[in-house]
Amino acid sequence: MEVRFFDNSLKELSDEINLSQQRSFLYGDGHFTTAKVVDGSVCYLDRHLERLRQANKQLGFNPIVWNKLTELMLQVASDMTLGVIKIQISRGAAQRGYGQTFSTQPLIAVSTSSLSDKWLSEQQTPTPLTVANTKLGIQPLLAGLKHCNRLEQVLIARELEQVNLEDALVLDINNVLIETSKANVFWYHNNQWFTPCLKHSGVNGVMRQVIIDKIDVIISQTQMTTVIEDAEAMFICNGLIGVRPVSEVAGKQLSLKPVEQLRAQL
1 MEVRFFDNSL
11 KELSDEINLS
21 QQRSFLYGDG
31 HFTTAKVVDG
41 SVCYLDRHLE
51 RLRQANKQLG
61 FNPIVWNKLT
71 ELMLQVASDM
81 TLGVIKIQIS
91 RGAAQRGYGQ
101 TFSTQPLIAV
111 STSSLSDKWL
121 SEQQTPTPLT
131 VANTKLGIQP
141 LLAGLKHCNR
151 LEQVLIAREL
161 EQVNLEDALV
171 LDINNVLIET
181 SKANVFWYHN
191 NQWFTPCLKH
201 SGVNGVMRQV
211 IIDKIDVIIS
221 QTQMTTVIED
231 AEAMFICNGL
241 IGVRPVSEVA
251 GKQLSLKPVE
261 QLRAQL
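Numbering-wise, the sequence shown is residues 1 to 266 according to the numbering used here.
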């Protein structure tokens, strides 16, 4: 993995960066997006940039020269055949304490890594899902954002590693379905697709946005017990794996045909 650092005007920083002083390191005071690159092009580039803009605005970060970031992502991607670009934006260097945020200038980290065809192929095979015991808190001010405080996801990942599972459905503290440990989720019932409401918890992923814009989806606040009872088919999605069918949930076998039909519409 290669990492380069830039200031908020997208001037590359040649001096060594003390990451231990960055607010993203100290407090999780940052946000990021992870984009797939295929044949020199960033998949859903405009949506990734809009995601970063919205997070910057919602968190009150100082401005970034967005057209320069766009140019940089295009330039970096042009040399890649199959890989990943991750853009992480820290609010900037910290003074003592949580405050003093108005004068800090964002630091932008741009990292690249490779993807293998084998890994992508594996991510298209149907996957079984269980339900995680670890639950998400409720915080409307942060809901939807891919912020750098991922402690809930770390705890979920630890839980899954202990039982040798790859992923699981994740609920909030009220037992409402939100997402999986690393993807958004959709389920199918009575010829209709549904996806969880993310106004109070969860990450509004780029692929989720693409799907909602292209097909008829009901955004629903639904208890997990109802989802398991109703679901005839299900898939998970994110910007790297695209759409991945779910073969079973909590031991209930699911149909793959509705997911195949949906893929044909994307």
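One thing to keep in mind: the hints can contain errors.
[As the list claims (entries may be wrong)] Listed below are the simulated BS3-like cross-link pairs for lysine-lysine, each with C-alpha atoms no more than 27 Å apart in a straight line:
1) K252 / K86
2) K68 / K57
3) K146 / K11
4) K68 / K86
5) K86 / K182
6) K214 / K199
7) K86 / K11
8) K146 / K182
9) K182 / K199
10) K57 / K118
11) K118 / K199
12) K11 / K68
13) K252 / K135
14) K68 / K135
15) K135 / K118
16) K86 / K57
17) K257 / K199
18) K146 / K199
19) K199 / K135
20) K252 / K182
21) K182 / K257
22) K257 / K214
23) K182 / K57
24) K11 / K118
25) K182 / K214
26) K118 / K86
27) K146 / K57
28) K257 / K86
29) K199 / K57
30) K214 / K146
31) K118 / K68
What the hints contain is simulated information worked out from the structure, not anything from laboratory work.
Tell me the numbers of any earlier hints that the structure contravenes, in ascending order. Hints 1, 10, 11, 14, 15, 17, 24, 28 and 31 contradicted; others consistent.
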